[in-house]
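J.: Below are the chains, spelled out letter by letter.
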Amino acid sequence: MTSVIGVLFDGLAYGSLLFLVAVGLSITMGLMNFINLAHGAFAMIGGYFSVWLTQKTGLPFLATLPFAFFGAGLAGLAAERLLFQRLYKASHLDQVLFTVGFVFSSIAAAHYFFGAGQQFVSTPGFLQGQLRVAGVDLGKYRLFLIAVVILLTIALHLMFAKTRFGAQVRASVDNQDAAAGLGVNVGLVFSLCFALGSGLAGLGGALGVEVLGLDPTFPLKYMVYFLLVVVVGGAGSLRGPLIAALILGVFDVAGKYFIPQAGAFIIYVLMIALLLAFPSGLGGRRA
Amino acid sequence: MTDLLRVEALCAGYGQARVLDGISFAMKPGESLALLGRNGVGKSTLIRSLMGLTKRHSGSVFFGGADLSAASPTRRARAGLGWAPQERAMFPSLTVEEHLTTTARPGPWTLEKIYEVFPRLRERRLNMGDQLSGGEQQMVAIARALTTNPRLLLLDEPMEGLAPIIVQELAAVIGRLIREGGMAAIVVEQHARLALSMTERAMVLDRGRVVHESSSESLLRDSETLGRLVAVAA
Ligand SMILES: Nc1ncnc2c1ncn2[C@@H]1O[C@H](COP(=O)(O)OP(=O)(O)O)[C@@H](O)[C@H]1O
Ligand SMILES: [Mg+2]
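Chains as they are written, first to last, in this note's numbering: chain A, 1 to 287; chain B, 1001 to 1234.
Calculated directly from the structure, the hints in this document are not laboratory data. Given the structure is predicted, the values throughout are model-derived calculations rather than measurements. Careful, some of the hints might be misleading.
Each computed DSS-like pair below joins lysine-lysine, with the alpha-carbon atoms no more than 27 Å apart [as the list claims (entries may be wrong)]:
1. A/K256 with A/K140
2. B/K1055 with A/K89
3. B/K1028 with B/K1055
4. B/K1028 with A/K162
5. B/K1113 with B/K1055
Computed footprint of chain B on chain A, listed as stretches where at least three residues anywhere in the stretch have a Cβ under 8 Å from a Cβ of chain B [unchecked claim]:
6. 133-140
7. 174-188
Virtual Cβ for every residue (Gly too), placed ideally from N, Cα, C.
Could you put together the complete structure from these sequences and hints?
T.: Spelled out as structure tokens, the structure:
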């Protein structure tokens, strides 16, 4: 029984992290219908930036997190303005080829600067070890992860639901021509969303060094996971990808714990089943 | 007075297809124009071309003294073109009130003023864009264009598909907007007589060309010409 709760808890923490990394992909795919397989590269940038800062400046891990967010966000903004923006009107095949090329370039760059090995961060003492709640041991760092993602999700929701910028994003997703024809700078809205999504991915990448690991193959290793979150959850929404990421996280951890020989097979079957049941995603407005 | 809008030999369409075949006309500030013509002659294409949402093959569009021929829709809207599209283009994930605030710009048309003119929208302010009747959608489309505080209001068939009683009610409001609103307006209408009764000038299109220009009053009196150029319902 305790192992079931423990696995569920680990799965939720893992799913929260997947959501944090993938939510930006959901927003940008919903807005511009742009297939971005390179999203994980920005998570990796955040992760390495955080590791590099702790090593070079001695900054404590938690203090590097805002830098991971802004660093990856700026990298995303630059990549969108200089490169990706040119591909919005291109075919999906061109988008896939280009962004896969971007992934391999980012892998080579990470390899060149940081080597092939796994990276580590030292989390502060108060986030190490377990907290005993009602007879179950819960990892403190995973509790912290879940709390951070809950707060960020609330903040994101409020931004999209309550601010004028959020309404402009929704209007642009609903009808780009009408939004532009009424004065919304759809291109700028999209750039800012892309930057925000990349920043959140970078934050997720840094927070996830402990959980997901970090080496140059990161953007390739997790590509399928991020895509699953968006495809199953539905592009252009928050709720769908959140549910999808939590389901994915729990079943992946549970599968590997209880039936290790099946590996990732369980989640693929699950995701196919979910897609058959909800062809346009769990919470998306578009297929 | 200098022209607010000047269109010169505009040829535009969708991709390779040319719909507008050399359109030229001009409007002064505050002036109102009825844009008439049978279905499919290019009225909406002209409006969309003013907004920069079609493919321009040649020709120019000047607005407020600036050359906007190659400008983005965003820039045109911000320059003072207020567009109420024929397909209404409601945003399903915005409330009525958000439709009226998200693209609003400073000027006399505040939310309060809009609610005074369209009291119905105050009642519906928390409805989403896809939870509205046809007449309400039309009001939101017009009101949304007004909140951008345009110098030129573009109304593309604002009465389309509405019940006669609602047409009368809305026509009264639009007529008042055009006379007292201080802004220029182009009104595209199938109800030719209605559009003529609320505007100063008239322009008729046929197959992408201007085939008639006159004062609205004289066209309204000339039933023979009107019947020849436009299918007149009533
Ligand atoms: N999005 C589009 N793509 C291609 N052709 C179009 C499009 N919209 C309209 N057309 C064509 O352009 C012509 C003019 O249409 P339109 O401007 O909508 O006419 P009107 O508003 O006068 O009824 C028609 O032949 C129509 O089929
Ligand atoms: Mg039309």
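J.: So, for every hint listed, does it hold in this structure?
T.: Against the structure, the hints:
Straight-line distance between C-alpha atoms of A/K256 and A/K140 comes to about 22 Å, which keeps the hinted pair within the 27 Å bound. Between B/K1055 and A/K89 the CA atoms are separated by roughly 15 Å; this keeps the pair inside 27 Å, and the hint holds. For the suggested pair B/K1028 and B/K1055, the alpha carbons sit about 26 Å apart, so the restraint of at most 27 Å is met. Using a Cα cut-off of 27 Å, the hinted pair B/K1028 and A/K162 is violated, with the two alpha carbons roughly 40 Å apart.
For the given pair, B/K1113 sits about 36 Å from B/K1055 by alpha-carbon distance, which is inconsistent with the 27 Å threshold. Given a C-beta distance limit of less than 8 Å, the hint that chain B covers the segment 133-140 of chain A is violated, as 0 residues qualify and 3 are needed. Counting residues of the segment 174-188 of chain A whose beta-carbon sits less than 8 Å from any beta-carbon of chain B gives 13, enough to reach three: the coverage restraint holds.
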